[in-house]
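Visitor: The residues making up each chain are set out below.
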Amino acid sequence: MISVEEYVTLLRDELALPVTEDDLGRSLDTVDAWDSVHLLTLCTLLERQTGRPLPFARVLEAPSLAAVYELATAS
Amino acid sequence: MSGLPPPEEWPSVRGLLAELPDEALPRAGRFLARLDPAEVLAAHPATPLVSLYVTGHGTLAALRPALAVELARHGLLAGITLADFDAWVRDLADPASDLYTTLGEAGGPAFALAVLGPEIVAAELPLPWRADDAARVLDTKIALIEKLAETFASTANGATLVLNTLPLPRELTAQLLDRRERAALGAAWREANTRLLRLDRPEVAVVDLDPLLAEGVRARDPRQSVYAKAHLTDDLLAAYAREVGHLARQAAGQGKKVLVLDLDETVWGGVLGEVGPEGVEVAEGYRGEAFTRFQRVVRQLGSQGVLVAAVSKNDPEPVAGVLRDHPGMTLREGDFVQVRANWRPKHDNLAELAGDLNLGADSFVFADDSPFERGLVRRELPGVAVVDLSDEPALHVTALLRDGWFDVPRLTSDDLARPARYREEGARRGFLESFDSLEGYLAELGTEVRLAPAAPAQLDRVSQLTLRTNQFNLTTCRLSPAEVRDLAGDPDARVLAIASADRFGEHGLVGAVLLRRDGAVLRVENFLLSCRVFARGIEQAVLGAVLEHARGSAAREVRAAYRRTAKNGRVAGFYPEAGFTTVHADEAGAEFRHDLTRPPEPVPHIRLSADFGGHQP
Chain U
1 MISVEEYVTL
11 LRDELALPVT
21 EDDLGRSLDT
31 VDAWDSVHLL
41 TLCTLLERQT
51 GRPLPFARVL
61 EAPSLAAVYE
71 LATAS
Chain S
1 MSGLPPPEEW
11 PSVRGLLAEL
21 PDEALPRAGR
31 FLARLDPAEV
41 LAAHPATPLV
51 SLYVTGHGTL
61 AALRPALAVE
71 LARHGLLAGI
81 TLADFDAWVR
91 DLADPASDLY
101 TTLGEAGGPA
111 FALAVLGPEI
121 VAAELPLPWR
131 ADDAARVLDT
141 KIALIEKLAE
151 TFASTANGAT
161 LVLNTLPLPR
171 ELTAQLLDRR
181 ERAALGAAWR
191 EANTRLLRLD
201 RPEVAVVDLD
211 PLLAEGVRAR
221 DPRQSVYAKA
231 HLTDDLLAAY
241 AREVGHLARQ
251 AAGQGKKVLV
261 LDLDETVWGG
271 VLGEVGPEGV
281 EVAEGYRGEA
291 FTRFQRVVRQ
301 LGSQGVLVAA
311 VSKNDPEPVA
321 GVLRDHPGMT
331 LREGDFVQVR
341 ANWRPKHDNL
351 AELAGDLNLG
361 ADSFVFADDS
371 PFERGLVRRE
381 LPGVAVVDLS
391 DEPALHVTAL
401 LRDGWFDVPR
411 LTSDDLARPA
421 RYREEGARRG
431 FLESFDSLEG
441 YLAELGTEVR
451 LAPAAPAQLD
461 RVSQLTLRTN
471 QFNLTTCRLS
481 PAEVRDLAGD
491 PDARVLAIAS
501 ADRFGEHGLV
511 GAVLLRRDGA
521 VLRVENFLLS
531 CRVFARGIEQ
541 AVLGAVLEHA
551 RGSAAREVRA
561 AYRRTAKNGR
571 VAGFYPEAGF
581 TTVHADEAGA
591 EFRHDLTRPP
601 EPVPHIRLSA
611 DFGGHQP
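Chains as they are written, first to last, in full-length UniProt numbering: chain U, 1 to 75; chain S, 1 to 617.
Note that these hints are calculated values from the structure, not bench results.
Since the structure is predicted, the reported quantities are computational estimates derived from the model, not experimental observations.
Certain hints may be false.
Calculated from the model, a selection of chain S residues having no Cβ within reach of chain U, i.e. all distances over 10 Å [as the list claims (entries may be wrong)]: (1) A33; (2) T59; (3) A61; (4) A174; (5) R418; (6) D595; (7) P599.
Short derived list, chain U residues pointing at chain S, Cβ under 7 Å [stated by the list, open to error]: (8) A16; (9) F56; (10) A57.
A virtual CB, placed ideally from N, CA and C, is assigned to each residue, including glycine.
Please work from the sequences and hints to get the whole structure.
Guide: Structure follows, in structure tokens:
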């Protein structure tokens, strides 16, 4: 499991994205410094941190960082 | 690196990265990738810029942070252009393409990276397919690449095309059920890679991915490949980027020429000053074999034009003796252009070595197992590449070869003759003694020293210090564990242990002071310190504490003796330098006294806590 705070920390410290919790719901293309490759790296980092596989195909369709978080934490 | 570095702080980035472990580099790369090279150049116009045009098969965006960090490790700024998705054939075939325009406009070294993976073959296999279908596709692809390389060589003036061998995925071989068919696919695949490797020419460099994969780097993640068209893993791209970093460093004229080695625990096991020539670990035993393996690799590098030198904190004679006479040594005196065994700071030795060889210190690679020495050299000579050796000698070879420091596009006859030439010029200086100013570094080191009565569990180690310490051993009075135990139980005597630590870690018990109270006289019966830590002010701070203790406990004077041996000559002046006067002195040694009228000189960079265990002695 990963908390929302840890998720934001991961985005900021590991992925080098200047985001806050308020940015999680934004559409990805409006997130500052966002690049599609971030999504791939994010998948790898999330899998490493949570120890569970992510449904890649669905992550790639996720409209926002919050949606990615939901996929990473869905039971 | 914990955030986005401001462009004006670029010059400090290389040093920060040098201290990061490999697993922290991808993260640093993601920050560096957000740094605008133009802003760095505006702040530091002299920064060397290397232009990289990244093209190839599939999604390669992960290369941007990987290249940024790998080039920054060498002080190079990466000017990266990512081509359109899958445009590599058009990019390389059309002399008017964006690739050639970009490379043509580059001011400094320029590279086109054509990153290819197994999917360029897999995607064109018919269904069903057999080994000879794969062989045909491979043949067509390699022929195409050969032609593109020709075009590149005649179009991109002075730039380099970087190609790579194709990893062979099990997902392909395992689809062929017949054993001979499967072997035929493997053979055809290797033949294709062989053709690629044979393309290596001045305008083309081929990165062989096999050795990287053999280190355990995963080549593919099927999900990333299927869903995101990222056909090679981030880890493999990071390893590839490291190789590109080496190519970039060579192109930027920053190749290295000199390998400077520490000796104790680097070239042989053990501390020569403590264990003696017979005690060093080399050739025999588990660790000895590991050190010999390292020595063989050093010699192998030396045979290819690398100048090998040694800088060691040791007395010169025993070092010369081991290099000349030790039966197990692979490296001999003649393998070194200089051997500098003395007690001066290593960075001073490196600077003088550079002067003697008439080379810049930035052409040096320095390998040492001591974090203290590495930190000092990094700080004083930032241009020197520092190799972090650990206390595990079996890993020395990997650490030394990790960054291809001495790689060159082509070895010349001049390269091969270089070591002999320098040896003939033979400026073997060194062996001088002086202690230059180190205060700045020592202040940053945060050395902590604890002086306290040795605990029962430490008494064996104290005995070992008296038995094995030869250099910083004022009287060389050897004590068995039982004798140390007796001394510790003697109410008129005290066995004090010296433990130290600094920002690199704990050193543990590194020395001992043996005291005896005789009426109003406090006697320092012996003072011992491991050569791993001396010349950092620890000895002065501890002696100062002893003097303070004597002053505070109504002693009239402190007496101390020095007994000369073949090995402890450098501490003959230890007591006089601390304000002691000489009572008498002769060939065999000297007796000193301190009248306690003046307080000892403080040692500001050391935090010392002293416990003398009650008012006696």
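Visitor: So which of those numbered hints doesn't the model satisfy?
Guide: 1, 2 and 3
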